[in-house]
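Asks: Read off the chains here:
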Amino acid sequence: MMQIEVLFEQIEFLAIASIVIILAFLALEHRNIVYAALFFGFMASFVAGIFLLLEAPFIAGMQIAVYTGGISALIIFAVLLIPRAQDSSLETFATPRRRRIGLVISGLVGLLSGGLALVFPWYDTFAPDMPPLELNMELLSQWLWSENVIYVQIAALILLTSIVGAIAILKMDKAERLISIHGEFGIESVEEPIEDEATIEEPSEEVGDE
Amino acid sequence: MIPLSWYLILSFILIALGAYGMMVKRNLIRILIGAEIMGNGVNIALVAVSIYSPSFSFVGQGLIILVISVAAAHTALAMVLMLMYHRRYGTVDLGTPISLGDNENV
Numbered sequence: 000m001m002q003i004e005v006l007f008e009q010i011e012f013l014a015i016a017s018i019v020i021i022l023a024f025l026a027l028e029h030r031n032i033v034y035a036a037l038f039f040g041f042m043a044s045f046v047a048g049i050f051l052l053l054e055a056p057f058i059a060g061m062q063i064a065v066y067t068g069g070i071s072a073l074i075i076f077a078v079l080l081i082p083r084a085q086d087s088s089l090e091t092f093a094t095p096r097r098r099r100i101g102l103v104i105s106g107l108v109g110l111l112s113g114g115l116a117l118v119f120p121w122y123d124t125f126a127p128d129m130p131p132l133e134l135n136m137e138l139l140s141q142w143l144w145s146e147n148v149i150y151v152q153i154a155a156l157i158l159l160t161s162i163v164g165a166i167a168i169l170k171m172d173k174a175e176r177l178i179s180i181h182g183e184f185g186i187e188s189v190e191e192p193i194e195d196e197a198t199i200e201e202p203s204e205e206v207g208d209e
Numbered sequence: 000m001i002p003l004s005w006y007l008i009l010s011f012i013l014i015a016l017g018a019y020g021m022m023v024k025r026n027l028i029r030i031l032i033g034a035e036i037m038g039n040g041v042n043i044a045l046v047a048v049s050i051y052s053p054s055f056s057f058v059g060q061g062l063i064i065l066v067i068s069v070a071a072a073h074t075a076l077a078m079v080l081m082l083m084y085h086r087r088y089g090t091v092d093l094g095t096p097i098s099l100g101d102n103e104n105v
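If you're matching them up, the sequences are chains A and B in order.
Note that numbering that gives the first Met the number 0 gives residue 110 to position 111 of the first sequence, counting from 1, and the numbers run on in steps of one.
Note that numbering that gives the first Met the number 0 gives residue 23 to position 24 of the second sequence, counting from 1, and the numbers run on in steps of one.
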């Protein structure tokens, strides 16, 4: 009876892993970039299945929320915001020579690390003192929010920094147009009034840049 | 029970695929997708090693929470940099000859 369960688990793993690899390959190689982004989203949700097999349900939920919900949506946004990015006839694909070199190098990376995975004496079972699956989320939240709250704070800081950085980079050329004046309280800056009116009247070619 | 090496092999296949995509592709969006696939492979390896370690601790899962939020942050930044690149050079193809300094087309 135990053996059947183990076999079933292994079949489950092999099915999910092969789907993940096929979807990752399609996400890289599909000629239409919108489909590539969609396949990436599907791949991320199947990786969440791998996390469920590893008995880490919170990580699986986070994977679906961030990768499938957030990052693949960001990639689709990037495709939609960049004009002509969806047109695959305009895209130049890699030459066969470059493709061969890339295949060789990535094959070396895979062989090296695969050899490490097979040769090194890894553990065969889960940790013996692992808590049951029902308690996993409760214990993880206790662990995360008590003495290890620094992880949450670092994550919050990184997200805040990236938001501020993204907005700053996008608005940088507008900031370059500001001229500094010496006001009453030190250096202030005002916008050039004429240029803003001129940009409003001109029909902008780029879609959704602002 | 699934041996740990299976998870590691899956993660290394994903890392190799992502590295292939990052090296071969010329479109910036595809390079970003390759980087994300590499990140997914690293996540699988981290969670698997932390779950299979001889004494259980939540450090691996806490680290993964950090890694996933960093991945979201760097994707947002990469998208903004792609938009800037497109605004400056009119393309997201890395193979087109460009100059890095200030030129007339900026």
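Hints in this document: simulated from the structure, not taken from any laboratory.
Certain hints may be false.
[Claimed, not checked] Taking beta-carbon pairs under 7 Å as the criterion, some of the chain B residues facing chain A (in silico): (1) L3; (2) A34; (3) V66; (4) M78.
[What the hints assert, rightly or not] Here are a few chain A residues that face chain B, going by a calculated C-beta distance under 7 Å: (5) S17; (6) L139; (7) W144; (8) V148; (9) Y150.
[Unchecked claim] The following label-pair restraints were derived from C-beta to C-beta distances: (10) B/G94 x A/L80: 20 to 30 Å; (11) B/L76 x A/L138: 31 to 41 Å; (12) B/W5 x A/L107: 41 to 51 Å; (13) B/V48 x A/G68: 23 to 33 Å; (14) B/W5 x A/S145: 44 to 54 Å; (15) B/M83 x A/P131: 42 to 52 Å; (16) B/V58 x A/L156: 11 to 21 Å; (17) B/W5 x A/I149: 47 to 57 Å.
Virtual Cβ for every residue (Gly too), placed ideally from N, Cα, C.
Asks: Now, for every hint given, state plainly whether the structure supports it.
Replies: How the hints compare with the structure:
Evaluation of the B/L3 hint against chain A yields a held restraint, the C-beta minimum of about 4 Å falling below 7 Å. Taking 7 Å as the C-beta contact cut-off toward chain A, the hint placing B/A34 at the interface is violated, the least distance being around 10 Å. Look at B/V66: its Cβ only gets to about 9 Å from chain A, farther than 7 Å, so that hint breaks. At its closest, the beta carbon of B/M78 sits 5 Å from a beta carbon of chain A; the interface hint therefore holds under the 7 Å criterion.
Interface restraint check for A/S17: the shortest CB-CB distance to chain B comes to about 9 Å, outside 7 Å, so the restraint is violated. Taking 7 Å as the C-beta contact cut-off toward chain B, the hint placing A/L139 at the interface holds, the least distance being around 6 Å. Taken as an interface hint, A/W144 does not check out: its beta carbon lies about 11 Å from the nearest beta carbon of chain B, beyond 7 Å. A least Cβ separation of about 10 Å between A/V148 and chain B goes past the 7 Å threshold, and the interface hint is therefore violated.
Annotation: interface hint on A/Y150 holds; nearest CB of chain B at approximately 5 Å, less than 7 Å. Separated by about 21 Å at the C-beta atoms, B/G94 and A/L80 satisfy the suggested range of 20 to 30 Å. At about 33 Å, the beta-carbon gap between B/L76 and A/L138 stays in the expected band of 31 to 41 Å. Remark: the range hint 41 to 51 Å for B/W5 to A/L107 is contradicted by a beta-carbon distance near 21 Å.
Taken as a hint, the range 23 to 33 Å holds for the pair B/V48 and A/G68, whose Cβ atoms sit roughly 26 Å apart. Separation of B/W5 from A/S145 is about 34 Å and departs from the stated range, judged on CB atoms against 44 to 54 Å. Remark: the range hint 42 to 52 Å for B/M83 to A/P131 is upheld by a beta-carbon distance near 49 Å. Taking the beta carbon of each, B/V58 and A/L156 are about 19 Å apart, inside 11 to 21 Å as hinted.
Judged by the Cβ atoms, the range 47 to 57 Å given for B/W5 and A/I149 is violated: they are separated by roughly 33 Å.
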